[in-house]
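*Asks:* From first to last, the protein sequence lines are chains A and B.
For the first sequence, my numbering gives the first residue as 1, with consecutive numbering after it.
For the second sequence, my numbering gives the first residue as 1, with consecutive numbering after it.
Hints in this document: simulated from the structure, not taken from any laboratory.
A few of these clues could be false.
To be verified - Under the rule of at most 30 Å between Cα atoms (straight-line distance), these lysine-lysine pairs were calculated in the DSS-like manner:
#1 LYS8(A) <-> LYS85(A)
#2 LYS7(B) <-> LYS138(A)
#3 LYS58(A) <-> LYS214(A)
#4 LYS252(B) <-> LYS138(A)
#5 LYS69(A) <-> LYS58(A)
#6 LYS285(B) <-> LYS233(B)
#7 LYS85(A) <-> LYS7(B)
#8 LYS233(B) <-> LYS7(B)
#9 LYS69(A) <-> LYS8(A)
#10 LYS58(A) <-> LYS123(B)
#11 LYS11(B) <-> LYS351(B)
#12 LYS85(A) <-> LYS214(A)
#13 LYS123(B) <-> LYS252(B)
#14 LYS69(A) <-> LYS351(B)
#15 LYS15(B) <-> LYS285(B)
#16 LYS138(A) <-> LYS15(B)
#17 LYS85(A) <-> LYS15(B)
#18 LYS85(A) <-> LYS138(A)
#19 LYS58(A) <-> LYS138(A)
#20 LYS351(B) <-> LYS70(B)
#21 LYS85(A) <-> LYS351(B)
#22 LYS252(B) <-> LYS285(B)
#23 LYS69(A) <-> LYS191(A)
#24 LYS138(A) <-> LYS70(B)
#25 LYS233(B) <-> LYS70(B)
#26 LYS11(B) <-> LYS85(A)
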Amino acid sequence: MAVVNTEKLCKTYQLGSVQLPALQDMDLEIEQGRYVAIMGPSGSGKSTLLNLLGCLDKPTSGRYWLGGKDVSELDDNQLSLIRGKSIGFIFQSYNLIGQLNVIENIELPMFYQGFSEQASAARARELAVMVGLGDRLKHQPSQLSGGQQQRVAIARALANDPVIILADEPIGNLDSTSGAEILNVLDRLHKQGKTLIVVTHDTEIAARAQRIIKLLDGRIEQELNNKA
Amino acid sequence: MLLFRLKRTFKLGVKSLWMHRLRSTLTTLGIVFGVCSVIAMLAIGEGASQEAQQAIARLGSTNLIIETVKPPKKQTDTGDVETIASFGLTYADAESIRSIIPNVQVAVPIREIDQEARYLNRKTTIKIVGTVPWYTEISPVRLMRGRFLSSTDLHHQLAVCVIDDLVARQLFVFDDPLGLDVRIYGGYYRVVGIATQAATEKMTDSFAKGAAAVSGDSGGVVGNIYIPLTTAKSRFTELTASFSGGSQSVEKVELQKIIVKVASNEQVLPTYNVLDGLLARLHDKQDYQIVVPLELLREAARTRRIFSIVLGSIAAISLLVGGIGIMNIMLATVTERTREIGIRRALGATKRDIIIQFLSETLLLTLLGGVLGIILGSVIPSLVTHFGRMPTVITGYSLVLAFGISAAVGITFGLYPACRAANMDPIESLRHE
């Protein structure tokens with residue numbers, strides 16, 4: 001079953017009187033449990049595609065089904081709900097909230113979905129243990145290394161058991177050792193059956209993915225399938 | 001679940017306010033002063049109002065007080081010659097009022113004479129109040145011991161008196177005054193009762209001063225000695241002589257006051273009009289004035305209203321300035337935390353969630369200011385009472401009002417920054433450094 005399905009997805013930015021097409025007629029289908037890497041030079045439309053897939057932005061035209069549901073016409077509130085429930089974000093710069101400790105950061109998506117205090121605390125602890133941070137639950141993000149922070153972010157992305165996990169250059173800010181650890185965590189998620197969509201320049205990540213989509217000028221330039 | 005949300009939101013608010021302690025404190029100061037002045041204003045207003053009501057209770061709101069005043073001197077007669085100027089209220093006036101004016105429950109004629117009272121070798125300055133037994137109905141004078149003047153006393157012109165407790169303390173230091181004789185101007189008066197003025201505490205505001213002037217508390221007089229009016233008439237001359245510039249002028253005044261009591265507050269003004277008409281006909285010159293305590297009360301209320309408006313606008317301005325300060329700081333906070341807002345939006349926070357977060361932070365700030373303001377505002381009135389000699393009363397209602405106002409300021413001035421935070425584009429916010 002395709003969890004992500006787009007049909008002639010277009011995004012055009014209006015810069016003054018100039019129309020700038022960032023994404024043109026994107027037809028994309030991603031099956032449940034796939035590990036997909038999206039690559040391409042800057043300006044090729046990677047971020048735009050990621051924002052659209054992450055329901056942070058609305059397409060100018062075209063359709064987008066996420067987990068079988070058409071989300072291209074939803075309003076802001078409904079999109080917020082979809083983001084919280086069906087999408088897990090992993091950012092290049094971790095984007096943890098500095099005032100909250102590890103547990104509270106992981107709890108955040110559950111908080112907005114209206115989990116009870118006990119349920120969210122239990123799940124957050126479980127996830128923290130899973131990413132190997134069981135001994136740092138009360139630490140502030142500033143007390144953690146980059147790799148650890150990114151692991152907190154991954155735990156947070158998993159909190160609501162999302163349909164897809166979107167990662168934007170997940171190891172871009174990390175040294176190679178921590179980067180490798182993070183990639184191992186992602187591999188593990190993939191093995192557990194999660195659908196991963198990773199935007200990256202890094203060929204090493206791409207090598208781990210099952211499928212590589214190369215973008216250029218807002219279009220799919222090339223699709224490669226790795227032998228798993 | 002809701003409780004969890006509240007708890008989290010509250011905790012987060014406290015945390016981020018605590019992170020900028022100095023900033024938060026300075027921001028709340030505006031609210032602190034605003035709330036403080038609201039409470040102080042209400043306390044002073046309430047104090048003045050209660051004081052005025054007490055003063056009015058002393059004079060009696062259903063009373064009308066007619067006083068003798070010296071008419072403006074006419075320069076028609078040529079000096080030198082000894083003349084007797086006769087003016088003021090008369091026994092005939094009192095009788096006319098009693099018999100003609102409707103609604104009058106009692107009319108009490110009062111004769112006042114400043115004299116010295118002696119007992120053994122002690123003496124003190126007192127005011128003789130020549131009056132009638134039903135004087136007690138129009139005055140808050142309370143009998144501590146013995147009895148008040150009776151109609152027998154009045155009828156037989158007996159030499160009896162009722163003295164104020166202050167006078168009793170001055171004259172009869174160790175003796176029990178009841179049954180003893182006071183000497184006034186060569187005559188002896190047996191003490192039959194000791195009275196106390198219901199209110200002897202200091203009166204402060206302008207209204208109370210007026211009331212004091214009406215009740216005739218002049219300097220040096222320790223207290224009153226009440227004797228029957230008939231006794232006063234037969235034993236004391238109605239003439240008073242004064243010398244000025246070599247010529248002697250003699251004044252003749254029968255009664256200093258007539259106090260009229262009507263049944264209800266509504267009858268006061270109509271009675272006043274009738275009374276004024278009657279007296280204008282009986283007197284050919286303006287040698288009397290009618291004081292209406294109810295009117296004094298209304299005047300005092302008007303003065304107080306102006307006072308409240310002035311204080312109220314100061315409080316309002318300070319709350320406004322405080323609110324603007326808070327709005328300013330919250331706008332800065334929102335800008336500072338743009339990225340956090342972006343993260344929260346990406347993780348599923350709706351616009352409403354963001355509004356609630358920032359609004360509750362503002363609310364927390366202003367309620368903190370409100371609490372501090374209430375604490376400070378509870379201290380200030382007692383300082384005002386102590387140094388300014390003004391009575392103040394803090395009512396529970398004023399505290400609730402102040403708290404409500406600070407909450408309202410928080411919501412009003414927090415709404416715009418919160419909406420601005422909520423309406424930020426999540427993508428832009430995430431990119432914000």
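*Asks:* Now look at each hint and say whether the structure bears it out.
*Replies:* Each hint tested on the structure:
1. LYS8(A) <-> LYS85(A): holds, 25 Å
2. LYS7(B) <-> LYS138(A): holds, 18 Å
3. LYS58(A) <-> LYS214(A): Since the Cα atoms of LYS58(A) and LYS214(A) sit roughly 22 Å apart, the hinted pair holds (cutoff 30 Å).
4. LYS252(B) <-> LYS138(A): Not OK: LYS252(B) and LYS138(A) at ~96 Å, beyond 30 Å, violated.
5. LYS69(A) <-> LYS58(A): OK: LYS69(A) and LYS58(A) at ~15 Å, within 30 Å.
6. LYS285(B) <-> LYS233(B): Between LYS285(B) and LYS233(B) the Cα gap is close to 24 Å, so the pair holds against 30 Å.
7. LYS85(A) <-> LYS7(B): Between LYS85(A) and LYS7(B) the Cα gap is close to 22 Å, so the pair holds against 30 Å.
8. LYS233(B) <-> LYS7(B): violated, 82 Å
9. LYS69(A) <-> LYS8(A): holds, 16 Å
10. LYS58(A) <-> LYS123(B): violated, 101 Å
11. LYS11(B) <-> LYS351(B): holds, 20 Å
12. LYS85(A) <-> LYS214(A): holds, 28 Å
13. LYS123(B) <-> LYS252(B): Within the cut-off at roughly 27 Å; holds.
14. LYS69(A) <-> LYS351(B): holds, 22 Å
15. LYS15(B) <-> LYS285(B): Answer violated: LYS15(B) to LYS285(B) is near 79 Å, above 30 Å.
16. LYS138(A) <-> LYS15(B): Between LYS138(A) and LYS15(B) the Cα gap is close to 15 Å, so the pair holds against 30 Å.
17. LYS85(A) <-> LYS15(B): holds, 27 Å
18. LYS85(A) <-> LYS138(A): Since the Cα atoms of LYS85(A) and LYS138(A) sit roughly 25 Å apart, the hinted pair holds (cutoff 30 Å).
19. LYS58(A) <-> LYS138(A): Distance of about 37 Å is beyond 30 Å: violated.
20. LYS351(B) <-> LYS70(B): violated, 79 Å
21. LYS85(A) <-> LYS351(B): Holds, at roughly 16 Å.
22. LYS252(B) <-> LYS285(B): This hinted pair holds, its Cα atoms lying about 15 Å apart.
23. LYS69(A) <-> LYS191(A): holds, 25 Å
24. LYS138(A) <-> LYS70(B): violated, 89 Å
25. LYS233(B) <-> LYS70(B): holds, 20 Å
26. LYS11(B) <-> LYS85(A): The hint holds at about 24 Å.
In summary, the numbered hints that this structure violates are 4, 8, 10, 15, 19, 20, 24.
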